[in-house]
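Going line by line, the protein sequences match chains A and B.
Take numbering that gives the first Met the number 0: the last position of the first sequence gets the number 263, and nothing is skipped along the way.
Take numbering that gives the first Met the number 0: the last position of the second sequence gets the number 357, and nothing is skipped along the way.
Among these hints, one or two may not hold up.
As the list claims (entries may be wrong) - So, partial list: chain A residues that the calculated Cβ filter (under 10 Å) puts toward chain B:
| id | residue |
| --- | --- |
| 1 | N56 |
| 2 | G57 |
| 3 | F58 |
| 4 | R88 |
| 5 | L111 |
| 6 | K235 |
| 7 | E241 |
| 8 | T250 |
Please keep in mind that the hints were generated in silico from the structure rather than gathered at the bench.
On a predicted model such as this, the values are computed, not experimentally measured, just so you know.
Note that CB positions come from ideal geometry on N, CA and C, so glycine has one too.
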Amino acid sequence: MNERAIGAEILKVENISLSFGVMKVLDNISFDIRQGEIRSIIGPNGAGKSSMLNVINGFYHPQQGSITFKGETRKQMAPHVAASHGIARTFQNIALFKGMSTLDNIMTGRNLKMKTNLFWQALHIGPARTEELENREAAEKIIDFLDIQAIRKKPVGKLPYGLQKRVELGRALAAEPELLLLDEPMAGMNSEEKEDMCRFVLDVNSEFGTTIALIEHDMGVVMDLSDRVLVLDYGKQLADGEPDEVRNNQTVIDAYLGVPHEQE
Amino acid sequence: MIYRETGQFKANYQDDQALFPIDQDRYVIFGILFITFAVVPYLLNQYWLNAILLPFLIYSLAALGLNILTGYCGQLSLGTGAFMAVGAFSVYKLMVAFPELGFIPLVLLSGLITAAVGTLFGLPSLRIKGFYLAVATLAAQFFLIWLFNKVGWFFNYSASGMINAPPMTIFGVIVTGPEANDVAKYYLVATFVAVFALAAKNIARGRIGRNWMAIRDMDIAAELIGVRPLIAKLTAFAVSSFYVGMAGALYFAVWLGSAEPTEAFDINQSFLVLFMIIIGGLGSVLGSFLGAAFLVILPIMLKNILVDGFGTDSALSAHIEIITVGVLIIGFLIVEPHGLARLWRIAKEKLRLWPFPY
Chain A
0 MNERAIGAEI LKVENISLSF GVMKVLDNIS FDIRQGEIRS IIGPNGAGKS SMLNVINGFY
60 HPQQGSITFK GETRKQMAPH VAASHGIART FQNIALFKGM STLDNIMTGR NLKMKTNLFW
120 QALHIGPART EELENREAAE KIIDFLDIQA IRKKPVGKLP YGLQKRVELG RALAAEPELL
180 LLDEPMAGMN SEEKEDMCRF VLDVNSEFGT TIALIEHDMG VVMDLSDRVL VLDYGKQLAD
240 GEPDEVRNNQ TVIDAYLGVP HEQE
Chain B
0 MIYRETGQFK ANYQDDQALF PIDQDRYVIF GILFITFAVV PYLLNQYWLN AILLPFLIYS
60 LAALGLNILT GYCGQLSLGT GAFMAVGAFS VYKLMVAFPE LGFIPLVLLS GLITAAVGTL
120 FGLPSLRIKG FYLAVATLAA QFFLIWLFNK VGWFFNYSAS GMINAPPMTI FGVIVTGPEA
180 NDVAKYYLVA TFVAVFALAA KNIARGRIGR NWMAIRDMDI AAELIGVRPL IAKLTAFAVS
240 SFYVGMAGAL YFAVWLGSAE PTEAFDINQS FLVLFMIIIG GLGSVLGSFL GAAFLVILPI
300 MLKNILVDGF GTDSALSAHI EIITVGVLII GFLIVEPHGL ARLWRIAKEK LRLWPFPY
């Protein structure tokens, strides 16, 4: 953990505004994420946290503002472009491929690493076979890392919730992302599962050097894991800074953390 | 007891990723292939080959094609009949124009033509999903059949509007037209089905198959991990139509010998093939075969048993046949909504543990 090096900024979001009809979901948001850090986004329900992630990986197209990822500035991008540039994510409501096995889910996460064409795949010899075996090995590393060997061949639709969350993390990791967006990875988990998941998040960050953007409601988790925290409320940026700063920020306390006002 | 993977250890990923990792499965497949190619043609008479196995194999190929699109990629299509017609009319035009190319290349070529047409009609799938897409593919069904009826060029301006397969040979044996050799026809179709069933299985377990299933199960998540919906859906339409087109070509040239679009390729064909994959099992190669067997072989068997066995009047037996098949369809779908292939898989799971309950 000590050798973690926070580098230059990998992602810079400038003046992003997004609205659906008359509803303003994101209003002039600017922040950055630095290489190798764990960056949390917090805020009450409907604050625009998930929308922010959707903007970053190209699923929503903001009306205003720009996103700079690895030195390239874009107004918007298609999801598969974001994926091929090294942005992966997990979802608030699990979005696994339910009819497929754990292994196939993780292998699908590697689809951008695989190139052979339909012809070779239909024959399943030569390059297609080699490629499949190489990627299987990479997928197995992730399966080992997440300790899910036993459910490798099980269809994910039948797995318990906590394991599904883990498989989803595995699928995102399979793409070997530089920036990993985690949308409430610990929602609905008991404290033991939460601890496991926290450990995985920290390990991903320190072992693979993956930059992480995290949305989470558990304040204990957020304050312990994050290097910096961005606070949103009704699409507005309330605060941005290190956990301690944010914790003591009066606007944040008013809007979200809910510590009684009278203490002042 | 017999079906057991105990003691079969996989020491590397290559073995673990084999098509049939369990030895017993492999023996069964080789057994089926052996019976198909070495036993059946010498054991069964012309009636069996021509009236039962040939349509079963051809419908299996069509069901395999539709299963790629609907079962693996989740795109509902009601245009199978029309795509079979595209295959049939392509092979007819090609057989008349380029007989020197040989029959097998012409069937493959008509598959490719159907793939192009299928891709074109697959374009709406990028915008619409589910039942709405099904309605859009209905447009293909009606438009294409209308086209083959109206435009004389397709049936070479024959007075009846029918197309007749000219005789063509493979290794000197006639396989199309009225004088064709039954055993040769059977071998030809069985080879096509075996080769392309293997190809379908390979595609389904590789990257392209996984991308299809990802689109089927959760298209947004698939897109965000880099699967391009445009490419995945259109390849599914292309590969599916390729299979359906070949099935249509064989259906017309090898089995029927002559065809008329409104009768041979109407909407009932589309439904028939769709029911095959629903009953057989969506997203399963085996299911395509089981479904085709259920809807092709079972009615014929029933009819034979009733008419020949009990001496039932043929009109009455036709009604009994419809009722029985209908009841069985409902029965199987209540027992296992995921089709016969799933039933088979459950049976295998049980067998692996037998005689213990778990």
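Right, here's what the structure says about each hint:
1. Hint on A:N56 holds. Least Cβ distance to chain B is approximately 6 Å, under the 10 Å limit.
2. Hint status for A:G57 relative to chain B: holds, with the closest Cβ pair at about 8 Å, below 10 Å.
3. With a cut of 10 Å, the hint placing A:F58 at the interface with chain B holds, because the nearest CB-to-CB distance is about 7 Å.
4. A cut of 10 Å between beta carbons decides the hint on A:R88: the least distance to chain B is about 6 Å, and the hint holds.
5. Satisfaction of the interface hint for A:L111 is found here, the shortest Cβ-Cβ separation to chain B being roughly 4 Å, below the 10 Å cut-off.
6. For A:K235, the shortest C-beta to C-beta distance to chain B is roughly 26 Å, which exceeds 10 Å, and the interface hint is violated.
7. The interface hint given for A:E241 is violated, since its Cβ lies 30 Å from the closest Cβ of chain B, which is over the 10 Å cut-off.
8. Violation of the interface hint for A:T250 is found here, the shortest Cβ-Cβ separation to chain B being roughly 33 Å, above the 10 Å cut-off.
Consistency note: the structure conflicts with the earlier hints numbered 6, 7, 8.
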